[in-house]
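Student: One-letter residues, chain by chain:
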Amino acid sequence: MNNMTTQKIKNDGDYSTIADLKQNAHKKEDIVPTTTSTLNLLCDVDTLRTLIKEDKVRIIDVRKKEDYLKDHIPTSVSLPLSDLLADDSPESIVKISNNLGISDNTPVVVYDDTFGALASRVAWSLKFIGHKNVSLLEVTYSSWKNLGLEVEEKSNNFVKSSHSIDIDYSIYADAVYVEDAQYDKSKVIIDSRERLNFLTEHIPNSKNIPYTMIRSEDSILRKPAELKRFMENRGIDFNSEIITYCGSVGTLSGLVFFALKTAGVPNVKLYPKSFKEWKSLGKPKTEFKDATYWDLSAE
Amino acid sequence: MIVLVSPAVDSDVLSSSKKKNLNPDENWGIVEESEYFANKVKLFRQDQLDADEFRRFRLQNGTYGSRLNSDFSMIRIKVPGGDISPEQMEKIANLAESFSIGSAHVSTRQNIQLHWVQLEDVSEVHRGLAECGLTSREACGNTIRNVMCSHFAGVCSNEPFDTTIYAKAIAKFFLRNPICQNLPRKFKFNFACCSEHGYVRIADVGLVPTIQDGLRGFRIYLGGGLGAASFIGHLLEEFTPESRLLSTSMATIRVYDRLGNRENPARNRMRYLVNEMGWKKFQAVLLKERDIVEATTSIPTKNSFDNVLNIGNNIANSLSTISAKKILPLINTDNIQTPYERWLNTNVIAQKQLGYYSVSITLGAGDITSNQLRVLAECIREFSEEQKARTTPQQNFFIRYVQSDLIPKLFTKLSSIGLGNPGANTIVSPVGCSGTTSCNLAITNSHRLAKEIQSKFLELNFDKDSDLCTSTIKISGCPNSCGQHEVATIGFYGGATRIGNSMAPIYTMLFAGSTGETGDLGKIVMRVPAKRVIDVVLKIIESYREEKNGNDTLHEWIHKISIGKGDGKIKTLEDIKKILVPVIKLPSFAENPDSYKDYGTDSNFVAKTARGECAA
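Chains A and B are the protein sequences, given in the same order. According to the working numbering, the first sequence is numbered sequentially starting from 1. According to the working numbering, the second sequence is numbered sequentially starting from 300.
Treat the hints as calculated values from the structure; they're not laboratory data. Even for Gly, the Cβ is constructed at its ideal location relative to N, Cα and C. There may be inaccurate statements among the hints.
Per label pair, the in silico range of CB-to-CB distance [unchecked claim]: (1) N338/B <-> W294/A: 29 to 35 Å; (2) T200/A <-> S542/B: 52 to 58 Å; (3) T200/A <-> R910/B: 21 to 27 Å.
Each computed DSS-like pair below joins lysine-lysine, with the alpha-carbon atoms no more than 27 Å apart [as the list claims (entries may be wrong)]: (4) K907/B <-> K207/A; (5) K587/B <-> K601/B; (6) K289/A <-> K896/B; (7) K877/B <-> K859/B; (8) K187/A <-> K339/B; (9) K228/A <-> K341/B; (10) K868/B <-> K847/B; (11) K207/A <-> K339/B; (12) K223/A <-> K859/B; (13) K207/A <-> K276/A; (14) K276/A <-> K185/A; (15) K65/A <-> K276/A; (16) K339/B <-> K223/A; (17) K285/A <-> K907/B; (18) K145/A <-> K712/B; (19) K289/A <-> K907/B; (20) K339/B <-> K185/A; (21) K877/B <-> K228/A; (22) K341/B <-> K207/A.
Excised from the complex, chain B in its bound form (with noise of 0.2 Å):
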């Protein structure tokens, strides 16, 4: 039997006592800070405090104002990494509880998000999140955010090593660093496991861990983004040593720093600076600024992010010494009978570690109520080595190092509260942006959405389907991307249209966009209205099984089509167009006011926004 050394401080895993000592490296938060937080809201509201300098730092500490109601607010708690304890779960939960909507919600960037909280309350659940270790300082507002790391980075068969620590120890250098406090925009890092589990190329710097003559490195793609206009990152070099990954970090943030567009706010993320330097005057840049850190760094800044690496390296290598070795899932897709089965087909996967397996907890669009949190927590004492979970990009929760005989008692604890539904990452599962239900700049309500693609579609046993598992779904609410609709297989972005004389939510849908080291973006196809998403993906599957000729899975046979290279009738997006047409096509408004409205609402459809929260 494998031991494993849990990061935790404490050696007793299953105790199930709230007072842990933190470990100071895995300790994010300042309990002092949310007292300066509580006196900047009385300065604020007492006018004594300018509204924009007010709403800067409201933004530096991850509290971001609600739709249409500034007495509201969204506190975007940081998960480093993405690596969260049951005792973090059971605070959030709480805190979730007393100054939120007893629900708690998972972004696509691994944040935990706590929505509708009143301005004047925000320090209390900062403090309490300093309490268990948790910031959300910089969660927001124009610096470094999560730094979000592969949810599979020390499970996953094909990874050279284990990037987790990297991950923590480039957010903790960065964190309350003056180097990034006041960056032209925001800046994004992801950390891969391996060329296929990661966001890296969509990111401001991406990397992906590789071994070169014995040595650990990474290749680092700089400049990619998604948003109203996206770009796929460039590889800086064949092979950054590991030695030289803080000095790169800092090389680019600094340059971006100096040259970045502070004018603009609609062209201001590095993505935009790299495009207009052109990416080999960037690259040559950014190499000889490299240099200049290198010369320059002092040993006791190097050391600080060593020490944290090292420390967590020693973790790392007690919980991952075991050969790599590919595993199949549990479970023959053609045998579902139960839902137990039905389970595991799609949320169970095998880990390198032999006789390990992660689970997938399928939320709906990221939401998650106190009590589920609770749950959840307890199930990670009960079945989880790690003593641990990490938040996904898909929105989900992932409990690794369960052992195989303990799979059907995690199981029948999570259904019991309503979290043992399968289909996660699959096409049943859709990414949901906030959308209307509480952000400034959203159109439509992607966030329902997406939480009807789900019942519909589980309904409909989408999931026992392997040809359409592999495809994804993802929704954003309009055009800036928080739902990564650009690399899923079908994307939908929202906007508003006039449809006769009556106003309607309305989605841009695209095609084939994929994540990992190869990831590309998702190509426009039309335009669908709320009302009829669901058809046309209905309509498409239908399609894909009439034509489904060898082996191509519904991702596969949507790529061909994107670049025009379909094997049977349909071979271009025209073509699918043309099929797709008819079922777009609405009612006048006399005839079914219901299908000019959008989800979540009995009013007749407006498009309302406001000044976003994204820059400030």
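Bound-form chain A, shown alone (with noise of 0.2 Å):
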């Protein structure tokens, strides 16, 4: 059985040098990492460190490729955010996992330094094409070496691997699959961005849940029970569908989206193109005049 391992890219805290990655570019199918285990949508630290001492993880950095350069999660390999979405259609997507050497079964975690919200997009875009696998450390990058962790400086490459195109339409969300549910009581459309941006506008119909209110102090997502509390606090039904959108790119949202699903929701969709694309289509909007309150805020 190859399932559980997979010839060792390193030996123990050594780790292989580009070089000796063309070396054993023979051994191609070997040093990409499978499995059959499926990560939790948040991968505790221990969790990962495991992984990486057993070599079965494809770790994803979406920080810039400055900041990836001076030092980052070792093993791990680096897609801006940016470059995702300079083209995020579905075959791009299988692209970049190609040469990220993702295939069907890599298990896959992705974090960032912006406390998980560009992690999720990527994440996101990684099950919109039927990754299975895919999950969010639960710390930022900061934090991981806060915590004294592990790193690595020297950047690393695989060999490129085959990724299949299944695209899952049940997470994803258009425009006009929103104007939709606006007045669909079986969906409730869920704004991400904060308070006072959602005041100012928001889609019709919308409720507010801001990125800052579902993580914690030491987690990028709070635990699931408290954001299913949360969620029967404000009297929404699991059995709904719930689409996320917040300001732009789907990245608020997307960390929106996931806490969603730790809270155990099922059907949860992304609107990617957000309030921007909402906007710039001249679709209607629900604005609150009545009250002053951006002078409230201290920034």
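These two chains come separately, so use the hints to put the complex back together.
Tutor: Rendered as structure tokens:
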């Protein structure tokens, strides 16, 4: 059985160089980590460290390239969010995945240094093309470093893989879909932006769950029980279909997408083009102009 | 060196550990109340709870409806005595970020308010508050509101003793007490530290500490308060001994509960009862009631109060055993060169405890971001031997027990996050209620106006002028006085008016209000369009500087004019009005539509209000 173990690309603590990888290129299939174990939506630090040690994971760093080049979590590959957003068609996402050496069964853990929002957008994209085993690191890169955990400086490249494409439209919404959902009682539209932005203008009939509400001091997402209680307080029916959106590219709403999944809502969709597209299409907005709430902010 | 004992249980005062055991006497919260609240919201949303009944419940739990949008709430967090710990500040920072707007707001009654919270999330905020010992219970509604205490209490050079623990004992005794759960209207206590510092004449019960024949006691003022009709409180008796504090308070509440007006919400504060009965009669009824209370109060009830007091006094005594000695502010006002010296001049005062200083943190109309709160919490741990801070009625924070050699470091740290502004408690930092930013009753954006004045006056270096410093500006967005405009040197309250064919926001200006035991209400001068308020104040200052004769400060000059005894050409309010009339004139709407708009909005002005939440 080759499903739980792979050939190591490093000897204990001594990571291979790109040259080593090239030398080993003929062992293409062997160096792509594969496993049948499914990751949780949120990957804790200890699980990730074990996976790194056992060489059973592909880690994606979505920070800026220059930050990655300084240092990153061992064995991680660089995928700045801007690279993905340059063309986020399913075909392009598959191509990116192949370049990062991600095949259908590769467990993937994504991290950023932006409270998980950028990582969420990348993780969602992988789910969108049908990747079944993707997880968010529970902490940001800064927290990882503050915890004194291991980092490395060398860049990692892996041999190209061949990911299949099986688009999961059940997690995707476009403007037309959102427009129809506005007056559908079985659907809930969630605006993930901060409160004052929401009050200023939002998609009619949407509810506000700011991304700031779903994170905790030590994790990018609160505990599932807590998130579940929040949704119950809000009177959200877990059988409803929930569509999340935010300001422009689906990052904040990507995080809320994962929060809702974590809380146990089965049917969640992301509207990745979000409010920016909604406004550019001239769709109706709800505005609240009866109070000068911006003047309360001490920013 | 003085060894200070922290009132917190934890003796390792510099520990940054967040999990501290709550002192039971400092714990105001009950987690179960948050679950109860969550259930009530669900029932209300399912139409199983009458709207008025829910409203009363919501207000009793410190949750106020937001301006013209009932989906959102303002949560008023009580800070009894204004005393707050760094852990509590950090918790509030997190709650503001998670459920509010990322900023918190210090009110003129030493509360901390979180605005625009989704009604369904309020229970989570309550839960968080209870976890750090705080509560919003009875912060609104017809009950005993946050018990205020002078932020100088314990450090004031002129105080006979520290009143903080008395304020807390009163707060503790009445919180959730059946005696005050359904009063005719809200009820406010205010403790001073000395006859100068405190808002004792504008509270239902105002208390000034005093010592007679070696006995601690108070001069208690009753029936004061600000609002559409304001009254100055009456002195109950020359000396009320400490031993009669509880019975006097209980008697007052019982008389008010029994005789107060429950019919007319516009006239049901205790000050109207006192006014209608006449002071002499009210006083007689009250003193009789006190005898009954004293004869019938059970020992366990009395002990529950005395125990809080005794524990607190033991701590307080260890904190302030140093003999009173008046010390002038740290630095000579004639020589202000650096931003640090400028800040020192207005924001740092010497305590009665030799070698210790108290530091005001200047906010803008009481607003502070979550990140600033976190840094402030760090500052308290790092620099204050008391390991606590106070909220002030001037909408600032006050950090005490800082040693002189640490002050520069504290300033550097505060400045790094925009908290190093000078001018706290001076004319440079006006008080501004929340106004149209969140309140149903507001007509104007008093909040933004206060901030506009602050940035303008800082730019003009008014805080450096000791003649101006002692004056205050306080602004309310309606006649209801949350901005305490009637006790300011120059006060303003908002309204609406028609000028030509256009509506415009306008403020009524008052002169020469003051606080303290001899505090008095301001006198109305004239109405000033919102966009002319700054110009008018500048003109007043200009006139003062032209006329200044002798040592009169701006406040004294304004006071003399208010009683028709100005020394110069300007002798009366009529005289100053003549000078200001040209300043308040607006161009036509067509010429300058902006001057008809309120601050903070591009829309034309409309006076929109909804049912107030003050009375449930």
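Student: Each hint needs a verdict: does it hold in this structure or not?
Tutor: Hints versus structure:
Checked against the hint of 29 to 35 Å, the pair N338/B and W294/A passes, with Cβ atoms roughly 33 Å apart. Take T200/A and S542/B: their Cβ atoms lie about 57 Å apart, and the range 52 to 58 Å holds. For the pair T200/A and R910/B, the beta carbons lie near 25 Å from each other, so the given range of 21 to 27 Å is met. The suggested pairing of K907/B with K207/A holds, with an alpha-carbon distance near 25 Å, which does not exceed 27 Å.
About 19 Å separates the Cα atoms of K587/B and K601/B, which keeps this hinted pair within 27 Å; it holds. In summary, the hint linking K289/A to K896/B is supported, as the alpha carbons are separated by about 14 Å, within the 27 Å threshold. Restraint check: the Cα-Cα separation between K877/B and K859/B comes to about 17 Å, which is no more than 27 Å; the hinted pair holds. Pair hint K187/A plus K339/B holds up; C-alpha atoms about 25 Å apart against a cutoff of 27 Å.
As the CA atoms of K228/A and K341/B are separated by approximately 15 Å, the hinted pair is consistent with the 27 Å bound. The suggested pairing of K868/B with K847/B holds, with an alpha-carbon distance near 10 Å, which does not exceed 27 Å. Restraint check: the Cα-Cα separation between K207/A and K339/B comes to about 20 Å, which is no more than 27 Å; the hinted pair holds. With a C-alpha separation of about 63 Å, the suggested pairing of K223/A with K859/B is violated against the 27 Å cut-off.
For a cut-off of 27 Å, the pair hint linking K207/A to K276/A stands: about 17 Å separates their Cα positions. In summary, the hint linking K276/A to K185/A is supported, as the alpha carbons are separated by about 25 Å, within the 27 Å threshold. Using a Cα cut-off of 27 Å, the hinted pair K65/A and K276/A holds, with the two alpha carbons roughly 26 Å apart. About 24 Å separates the Cα atoms of K339/B and K223/A, which keeps this hinted pair within 27 Å; it holds.
A threshold of 27 Å between alpha carbons decides the hint, and for K285/A with K907/B the separation of about 22 Å falls inside it, so the pair holds. For the given pair, K145/A sits about 25 Å from K712/B by alpha-carbon distance, which is consistent with the 27 Å threshold. Restraint check for K289/A and K907/B: satisfied, since their Cα atoms lie roughly 11 Å apart, inside the 27 Å limit. Between K339/B and K185/A, the direct Cα distance comes to roughly 23 Å. Compliance with the 27 Å bound is thereby established for this hinted pair.
The straight-line distance between the Cα atoms of K877/B and K228/A is roughly 65 Å, outside the 27 Å bound, and the hint therefore fails. For the hint linking K341/B to K207/A, the alpha-carbon distance of about 16 Å falls within 27 Å, and the restraint holds.
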